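Engineer: Residues per chain are reported as follows:
Protein chains: 2
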Amino acid sequence: MANPILVEVTRGPLVESVHRGAIAIADASGALRFALGDVETPTYPRSSLKPVQALPLVESGAADAFGLSDEEIALACASHSGEPMHATRVAAWLARIGCSERDLACGAHPPRDEPTWEAMIRAGAAPTRLHNNCSGKHAGFLTLARHWNIATGGYERIDHPVQQAVASALSELSGAHDLSWGVDGCAAPNFALALSAFARALAKFADPSALASPRKESASRIVRAMIAHPELVSGTGRACAILMRACDGVAVKTGAEGFYAAIIPRLGLGIALKIDDGAGRAAETAIAALLDNLGFWATTKTPAQSFARLLPTHAAQSSLIALIGQRCGPAGL
Amino acid sequence: MANPILVEVTRGPLVESVHRGAIAIADASGALRFALGDVETPTYPRSSLKPVQALPLVESGAADAFGLSDEEIALACASHSGEPMHATRVAAWLARIGCSERDLACGAHPPRDEPTWEAMIRAGAAPTRLHNNCSGKHAGFLTLARHWNIATGGYERIDHPVQQAVASALSELSGAHDLSWGVDGCAAPNFALALSAFARALAKFADPSALASPRKESASRIVRAMIAHPELVSGTGRACAILMRACDGVAVKTGAEGFYAAIIPRLGLGIALKIDDGAGRAAETAIAALLDNLGFWATTKTPAQSFARLLPTHAAQSSLIALIGQRCGPAGL
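Each protein sequence line maps, in turn, to chains A and B.
Converting from the first sequence to my numbering requires adding 258 to each position, the first position being numbered 1.
Converting from the second sequence to my numbering requires adding 258 to each position, the first position being numbered 1.
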């Protein structure tokens with residue numbers, strides 16, 4: 259059966275395009291508190307996996323051994339826009355662990371931030387691997403390999419201990435085992451699991467009280483670092499930054515192909531959503547509407563009339579109407 | 259009921275994203291020769307409408323009165339990439355009818371062609387309305403207003419005779435009346451109609467023999483001009499250009515929000531397809547697979563093993579698998 263329509267795109271008097279998808283909301287006990295659509299078929303969280311990919315870095319003691327700041331933890335969880343604030347911090351971090359841009363297995367791509375890219379074009383500068391939106395995640399992988407005193411070359415391979423540590427952490431938090439995996443755009447493995455299982459893992463970040471130490475403290479630290487540095491996790495004007503600034507105490511993380519994750523400590527909830535067709539515009543609209551529906555706009559200083567105001571790019575481009583408010587009342591939670 | 263899945267995006271062992279949509283193929287008698295999904299709900303062809311929007315320009319005699327070349331007719335049908343070959347031709351055309359860039363109602367946006375835009379950034383040049391992908395269509399509207407000796411100001415309004423002529427031509431060719439309309443991204447009206455009806459209109463471009471003169475000759479000229487100048491209709495490396503060069507004698511035209519149109523004179527067929535979620539990658543994959551399925555790859559010099567080779571951007575980005583070949587055999591036509 260097809261997943262329900264979550265977002266409509268209108269033009270004139272008509273609905274021009276529609277986005278289907280599925281949503282899972284879980285708590286730290288593992289209970290599925292809300293489900294819409296197919297939440298049991300495995301799918302890739304893509305970059306929404308990054309808080310989990312950063313967990314071995316912190317719980318292993320590597321982050322403390324190398325004196326990582328919360329800014330650097332936030333960058334380990336980032337899909338950043340390649341602005342100077344991102345690239346310079348990753349470069350300094352790599353130097354501190356005795357590595358350099360050349361050790362990054364991710365390729366170079368132009369910064370997502372247009373003013374940054376235009377300034378580089380004017381200066382005749384080529385993009386480097388530091389501008390790759392995943393360079394902070396890869397710096398985290400390298401830091402863990404350094405801490406364990408194992409080979410850094412090949413750290414992005416599925417059988418490298420760093421990637422196996424990520425797989426173990428994800429399995430333990432989510433309850434999903436024998437994970438399928440694919441190669442992400444940055445060359446690192448990405449693990450597939452059901453939305454319901456991933457929401458359970460995210461809920462344990464929201465409420466780590468039942469986890470053993472040092473995982474408990476590590477999960478809390480990652481969430482605090484993300485919330486403290488919204489622009490380092492994403493970039494200037496990006497949806498993740500706008501949403502984290504609008505919703506006090508909520509960590510959100512976008513993923514390619516229409517994925518979005520949210521960690522809500524105040525409610526002890528994890529949210530995982532995936533748009534069937536992979537559209538980022540729909541995932542951003544859906545997570546914004548969902549947070550609105552959970553009452554977060556009303557608790558912030560942002561005018562609450564419309565989440566479209568928070569995502570002006572989309573509001574200008576077309577009229578995106580999220581249907582979530584009509585289908586999923588807060589009473590369900 | 260949900261439309262069928264037309265295109266899958268895979269990663270590793272899994273299908274990561276899916277694109278649903280609908281396809282209508284008609285002949286010039288008005289017979290619907292193939293239909294997949296909902297082909298009766300009105301939707302906007304967006305820029306796939308441009309051959310119809312160019313028809314009043316030609317059949318009114320305006321094109322001949324101003325000595326328009328086939329290159330200019332192709333530009334009137336274009337969603338171009340704003341390369342110098344496009345912008346300079348539109349500028350010269352506007353000058354010939356006593357107009358200039360300032361008369362264009364479309365706004366300025368950066369050229370879609372990245373090398374062109376990067377060269378402009380290095381030169382400190384700002385985008386102009388000539389770079390708008392619709393500037394040729396708008397030059398055509400202005401030419402018709404000049405020919406009729408009526409006000410050019412406001413030519414983009416729904417009640418201007420130029421837009422009313424477009425609506426009439428579309429109704430007459432498609433059989434659809436009382437058309438809903440919305441404002442397109444370029445400020446001009448775009449008219450909504452069923453895929454089945456739009457496929458009938460496109461089929462009359464493919465086989466105009468039953469049309470009265472001068473519409474008959476005008477429709478043929480537009481198709482010839484498009485086929486003769488694939489890069490002027492689109493741009494360097496664009497899907498429309500690649501497909502027209504690969505499929506001898508076929509005119510194709512992309513439209514925003516996942517629309518694609520094809521005009522096939524050899525078979526006397528018109529094709530209209532729309533991806534539900536508006537994804538261009540899926541529309542390009544679906545039309546390529548459809549033309550493959552109709553036997554067009556085999557008639558060209560392009561190696562026929564895979565349409566993905568023709569659309570290297572998508573093949574590199576992810577594995578896009580069109581399901582059309584499994585669902586729609588040529589026997590159905």
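Hints listed in this document are in silico derivations from the structure and should not be mistaken for laboratory results.
Being a predicted model, the structure only gives us computed values, none of them experimental.
Careful: at least some of the hints might be erroneous.
[As the list claims (entries may be wrong)] Covered stretches of chain A (in silico footprint by chain B; criterion: 3 or more residues with CB under 8 Å from a CB of chain B, positions within the stretch not fixed):
id, stretch
1, 271-282
2, 291-302
3, 351-362
4, 366-380
5, 534-540
[Claimed, not checked] Using C-beta positions, here's what the derived DEER-type ranges look like:
id, chain 1, residue 1, chain 2, residue 2, range
6, A, A383, B, G433, 25 to 31 Å
7, A, P300, B, T494, 35 to 41 Å
8, A, P342, B, E329, 42 to 48 Å
[To be verified] So these bits of chain A aren't anywhere near chain B, every CB distance computed over 12 Å:
id, residue
9, P488
10, A514
11, E515
Think of the CB as a built atom: it goes at the ideal place given N, C-alpha and C, for glycine as much as any other residue.
Engineer: Of the hints given before, which are not true for this structure?
Structural biologist: Hints 3, 6, 10, 11 not satisfied by this model.
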